[in-house]
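Given the sequences, and given the hints that come with them, work out the whole structure.
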Amino acid sequence: GESVGLHLPTLSVQEGDNSIINCAYSNSASDYFIWYKQESGKGPQFIIDIRSNMDKRQGQRVTVLLNKTVKHLSLQIAATQPGDSAVYFCAENPPAGTYKYIFGTGTRLKVLA
Amino acid sequence: DTGVSQNPRHKITKRGQNVTFRCDPISEHNRLYWYRQTLGQGPEFLTYFQNEAQLEKSRLLSDRFSAERPKGSFSTLEIQRTEQGDSAMYLCASSRVQTSRNYEQYFGPGTRLTVT
Numbered sequence: 001g002e003s004v005g006l007h008l009p010t011l012s013v014q015e016g017d018n019s020i021i022n023c024a025y026s027n028s029a030s031d032y033f034i035w036y037k038q039e040s041g042k043g044p045q046f047i048i049d050i051r052s053n054m055d056k057r058q059g060q061r062v063t064v065l066l067n068k069t070v071k072h073l074s075l076q077i078a079a080t081q082p083g084d085s086a087v088y089f090c091a092e093n094p095p096a097g098t099y100k101y102i103f104g105t106g107t108r109l110k111v112l113a
Numbered sequence: 001d002t003g004v005s006q007n008p009r010h011k012i013t014k015r016g017q018n019v020t021f022r023c024d025p026i027s028e029h030n031r032l033y034w035y036r037q038t039l040g041q042g043p044e045f046l047t048y049f050q051n052e053a054q055l056e057k058s059r060l061l062s063d064r065f066s067a068e069r070p071k072g073s074f075s076t077l078e079i080q081r082t083e084q085g086d087s088a089m090y091l092c093a094s095s096r097v098q099t100s101r102n103y104e105q106y107f108g109p110g111t112r113l114t115v116t
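Residue numbers (the numbering used here), protein chains in the order written: chain P, 1 to 113; chain Z, 1 to 116.
Just so you know, the hints here were simulated from the structure itself, not pulled from any lab data. One or more hints might be untrue.
[Stated by the list, open to error] With a Cα cut of at most 27 Å, we get these calculated BS3-like pairs of lysine-lysine:
#1 K110/P / K71/Z
#2 K100/P / K42/P
#3 K14/Z / K42/P
#4 K57/Z / K100/P
#5 K42/P / K68/P
#6 K71/Z / K100/P
#7 K100/P / K14/Z
#8 K57/Z / K42/P
[Said to hold, decoys possible] Taking CB as the label site, the calculated pair distances span:
#9 Q54/Z / K56/P: 17 to 25 Å
#10 Q76/P / R15/Z: 26 to 34 Å
#11 P9/P / L55/Z: 45 to 53 Å
#12 Q14/P / T114/Z: 35 to 43 Å
#13 D55/P / V97/Z: 24 to 32 Å
Cβ atoms here follow ideal geometry from the backbone N, Cα and C, with glycine treated the same way.
Okay, here's the thing in structure tokens:
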């Protein structure tokens, strides 16, 4: 399939290590944030979301942290596996009620065996 | 598989031709969105529907683009007189909206358009 994100920032981690992917968002009034994973030739896949009234949310092997002071999101993946290799996008929902997401530029995660 | 399907998956067309893509959302979802994604970029919002009503269109959606959702179920996106700059992945997403809470958008696999 085609490649997603040929010139994206890349994070390389050893299998079993923890990964941290960062994202800066644009609108201080955005009230909802999502992390998506996108593999080559596929659409974005929902990983985890967080609302602006929270600082942290945990899922299965993933944690999202929100720092509204500096408009920063991070995605932590525990015990990274080869299947985690993909491009990761954060998305923000600016206020206005439409939920038309604004996506960040993405980070390619490469898991080294 | 998120339950959102798109057809065709790939389309190659010559400049100046018209193309139409279809999206079938998750059946109970009342919101449907179209995004465009070019290589190396995140998806960019094009337009969205709540039921059959088209509520917002991006400035990216020129007059050559039209989208419909006639019965509040599937949607079509048509591009007339295609240009090489239209080459991109066209993504459809759907979500469920209730009074006090919006839910995450689920994306389809996309339609990759190549204009030669």
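**Message:** Name the hints, by number, that the structure is in violation of.
**Reply:** Those not satisfied are hints 1, 5, 7, 9, 10, 11.
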